[in-house]
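S.K.: First residue of the sequence shown? That's 1 in the numbering used here, and the numbers climb one at a time after it.
Among these hints, one or two may not hold up.
[Unchecked claim] The calculated label-pair distances, taken between Cβ atoms and stated as ranges, are: (1) VAL101 with LYS44: 32 to 38 Å; (2) ALA10 with LYS81: 27 to 33 Å; (3) LYS44 with HIS93: 22 to 28 Å.
[To be verified] Calculated cross-link-like contacts (lysine-lysine; reagent style DSBU-like; alpha-carbon spacing at most 35 Å): (4) LYS87 with LYS44; (5) LYS44 with LYS26; (6) LYS44 with LYS81.
The set of hints was computed from the structure by calculation and includes no laboratory data.
Every residue, glycine too, gets a C-beta built ideally from N, C-alpha and C.
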Amino acid sequence: MSDHYPLYIALRGLMVRAAPTMQIAKDALGELTLNVARDVMNAKDPVWFGSVRLSGSNVSYYLPPLAAREGRDLIVPEGLKRLSTSKTCFVFHDQNPDRFVELEALTRAAADRFAGATRAA
Numbered sequence: 001m002s003d004h005y006p007l008y009i010a011l012r013g014l015m016v017r018a019a020p021t022m023q024i025a026k027d028a029l030g031e032l033t034l035n036v037a038r039d040v041m042n043a044k045d046p047v048w049f050g051s052v053r054l055s056g057s058n059v060s061y062y063l064p065p066l067a068a069r070e071g072r073d074l075i076v077p078e079g080l081k082r083l084s085t086s087k088t089c090f091v092f093h094d095q096n097p098d099r100f101v102e103l104e105a106l107t108r109a110a111a112d113r114f115a116g117a118t119r120a121a
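Full structure from sequences and hints, please.
M.R.: Laid out in structure tokens, this is it:
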């Protein structure tokens, strides 16, 4: 087991807690994937909401809504920007409570945007 497994577990818990209306699409050792509920998006196929993946020396946290219409205007805090490898991926090498607070708020806002888009439709 990777030395980063506790970090993965912390980020996994953060995503599940911050996006409780999302559905678990995959929950395997070292990988969690959440999808937007089909009834929320009125979609035939699942819409990817996010993933947490353990890979050797780091844990990647993917949040695709940041590139979607519903989340494009969400503000990514500067501290999180330093951990990003793209618009939607953040890479963690250690537990950082300040970044976790920012990431949880950003994830919650993204989840709320999807729910709000459905209510407005």
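S.K.: If a hint holds in the structure, say so; if it doesn't, say that too.
M.R.: Evaluation of the provided hints:
no.: 1; hint: VAL101 with LYS44: 32 to 38 Å; result: 36 Å, holds
no.: 2; hint: ALA10 with LYS81: 27 to 33 Å; result: 20 Å, violated
no.: 3; hint: LYS44 with HIS93: 22 to 28 Å; result: 38 Å, violated
no.: 4; hint: LYS87 with LYS44; result: 26 Å, holds
no.: 5; hint: LYS44 with LYS26; result: 18 Å, holds
no.: 6; hint: LYS44 with LYS81; result: 33 Å, holds
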